[in-house]
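Please build the complete structure, drawing on both the sequences and the hints.
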Amino acid sequence: MTHPGVEVEGMRVAFDGVTALGDVSLAVESGEFFTLVGPSGCGKTTMLRSIAGLTDGVEGTVTIDGRDVTDDPPEERNVGMVFQNYALFPHMSVHENVAYGLRFHELGDGRSEDDRVAELLELVDLAGVADRSPEQLSGGQQQRIALARALAPEPDVLLLDEPLSALDAKLRKQLRVQIKAIQQQLDITTIYVTHDQAEALALSDRVAVMHEGRVEQVAPPEAVYRDPASRFVAEFVGDNNLFDGTVTDDGAAVTVDGATLPLPADAAVTAGASVTVAIRPEAITVGASRKVGETTLTATVETVEFLGDAYRVHCRWRGRHVECKTMAAAPPAGEVTLGFDAADADVL
Amino acid sequence: MAPRVDRMLPAGVVATLVTLVVVFYYPVGSVLVSAVSDAGRLTLGPLASVVGDPFYHDLFAFTAYQALLSTVASVVVGLPGAYLLARYEFPGRRFVRSVTILPFVLPSIMVAVGFLAMFGRTGLLNDLLAVVGLAPVELTFTLEIIVLAHAFYNAPLVTRLVTAAWESVDPARVETARTLGASPLRTFRDVTLPQLLPALLTASVLTFIFTFMSFPIVLALGGLELATVEVWLFARVQSLDLAEAATLGAIETALSLGLIYVYLRFEATQLSGRGESRGRARTPLVAGWRSLADPKRLALFAYSGVALVLFVGPLLSLVVESVTTADGTFTLRYYEFLLAQQTSTAAGTTRPLPAIANSLLFAGGALLLALPMGVVVSVVATREGRGSRLWEALLTAPLAVSGIVLGLGMLRALVFGTTLFGYRITVTGPVAIVAAHAVAAYPFVSRNVTPALGSIDDRLVDAARALGADRTTALVDIELPLVVPALIAGAAFAFAISVGEFDSTVLLAEGVDSATMPVALERYTGNRSLGPDLGPATAMGTVLLAVTTVSFVLIDRVGSGWNQ
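For the protein sequence lines, the chains are A and B, in the order given. Each residue of the first sequence is one higher than the one before, starting from 1 at the first, in my numbering. Each residue of the second sequence is one higher than the one before, starting from 349 at the first, in my numbering.
Among the clues, some could well be false.
Some chain B residues near chain A, calculated using beta-carbon distances under 10 Å [as the list claims (entries may be wrong)]:
id	residue
1	R441
2	D806
3	D810
4	A811
5	A812
6	R813
7	A814
8	T821
9	A822
10	I826
It should be emphasised that the hints constitute simulated quantities derived from the structure, not laboratory data. Yeah, the Cβ is synthetic: ideal placement off N, Cα and C, and Gly gets one too.
Dropping the structure here:
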């Protein structure tokens, strides 16, 4: 029987009486790339540190590969951890850093420490820097060394706490491709913490969106984006237009400020209920050709941002802000017609 | 391997506590208790006799008065220095800034001899006055020379704290005030000054505490005519009037504890985050010939001249007087005396070489005790949690108890002996000296190591633990190696404190065998049979200066923590 890579049951953490995590349960599959994403203060880092055993006063249970590690100190949990600021030991060389965990772990197949260090430096593409001091390396290199150090003792789970946040945008994208590749190569259970929803969507097998110490939704990236489980998820992941309104008597549409917006056919709503309709900016067309059955709104363009591959258009419709994205060759202006397919709307 | 080291810290905590109880809390406590008890009965008799005696009213009033004068003098001398260091750039600025730590390690009895060598009857000042045909100035045994010597000690403290505050004033705030229309003077008043005041007040309170409890300077420069509480206390012990001394010591300790409490309460309200921030650009002190006519700069040059005389003068005089005779010719006689006296031991005189050896030996012993104690206190203080405030209190308590009171307590409780479970426990003078020095020195180890430990990113320890190291292994593998510079600086501090310690040593070093350099120095100063000149004392003082300078260089070069 296979165990989940990491299982958390009823985890609660409070700091000085303030709830950081309130009764969270999760199961991460073995070999899965699992991401905790949410704004700062949502409890994602607390959750990661609690799994590593680095937080005091954690309630609930943690199992890693079927082992109950709830009462184990961090050094006995066999986790690999990577921190945002690298946390390399400044008084040790790169080699000593990567080899540090091997002081406390036997390698199963009797490989020597030197072989293992060389293997890992190769893995992170940094063979040849072993004798350097961490300070002589760039931020991106330091983070790869931190990754190699975490992986050296062959941990059961790899925990990454905002590992790319300290790097510039271009490097961030390069390194996340590399992290994903290494994770797949080693097939290691990985829990990744980030506040960057785009990073979460790009990397993960599944994403847990966290908010105020709770998990709002756990799903593959596509599902989180296309079918958000809550208003918070809809707003936090990607951009969204939210319309609050009341379901009409026939249950086929929603009244928003006197205008009627049709609902998708599969929307499970009851007449008269207050609902929120979410429509992604890229699902809205600006001007141009109309498809049959499309909902149209007449709005006024307020500002336009040029994004390189598209324009983001900020419009006003009945006093509301509506954002849409268009690949048009020239920026729209003045009064425009916005259109969207009812099937692209999401009811929350 | 791991379980063994994991028991190290609790064992260290227990050992530190036991040591503190035995060599500090118990002796000092016995002094305090004896002030309110007579043969085991609670009585207010001794206290009442001191409190009701007009002589003691005058004694305490004079002690406070000279401390107040000294505080004002220290601020007057120290404040322009802070302005100069914080706002002007000149060659040697960094050196001057780091030298402001020097008074912490200069033995005060040595500084007192330096002041005698400079301002005394046969001192350098009068020699120079005689050369230009002026009448000699008599400053020995005056309040002025005591206040000057106290300013020598505490003005650098004022400079140090205020410079740090000044450097941490955010230039953007100053610039904002200027762009909003405030004049430079108005900006200083509204933006800069409020940020300097806490540092200035802190420095003033500390200076008042230090000079209230000052001992060797007042003893050597004022004598019994200008006695403070501390000097009178010493005289009572010398005449074996231990009961009255204990009462006096108890009152003094209560007063200084009150002052320390005020200081700690005050310090806690201050904003943290000191250190040389990116700061405002400093103005060059000299920018072409024109700048030399600037009145502000002229005043700073004048100030620098005065500061040079006050701070370098006494130390230079010490060295100069140690190699010149009364009529101004070069001599090595006094150094020969240091060596020669070994063979011809006149009864009751202190032999110099054993004193030097004792100083180094005691300092080594004190270091062995103070270093682990200081590290244990730092580790506990850094790890947040219950009891950390208690440790902070334990750490500052030795600051509030004068060396004389500690020496007196040790004399009564340890050297004269205590009966415990039917056994008579006594400790020899040298052991008591080492213990007293360790008590005086370990807070300096902690004050160096605690900030260094505290500045280590917690995640380094987290990373080590996730990799399999237990908490104590992480301390040994990661934290301690990273604070080695602070440890060395702390050790150098502890060594210097021990080498220069006079207050408790002079009480515990009974006879000639366990005298240290500062004790020998005081005896040579007071010994008129050696002739009217300060020769032997200045020679011994120069040796002491050399030893403390080496300590200072270590602190300065290695322990960068104190320079930020």
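Against the structure, the hints:
1. R441: violated (27 Å)
2. D806: Status holds, d = 9 Å.
3. D810: At about 5 Å, which falls below the 10 Å cut-off, the nearest Cβ of chain A leaves the hint on B/D810 intact, so it holds.
4. A811: Holds - the Cβ of B/A811 comes within 10 Å of chain A, reaching about 4 Å at its closest.
5. A812: holds (7 Å)
6. R813: holds (4 Å)
7. A814: holds (4 Å)
8. T821: holds (8 Å)
9. A822: B/A822 check passes; min Cβ-Cβ to chain A is 8 Å, inside 10 Å.
10. I826: holds (6 Å)
Of the numbered hints listed earlier, the single one contradicted by the structure is hint 1.
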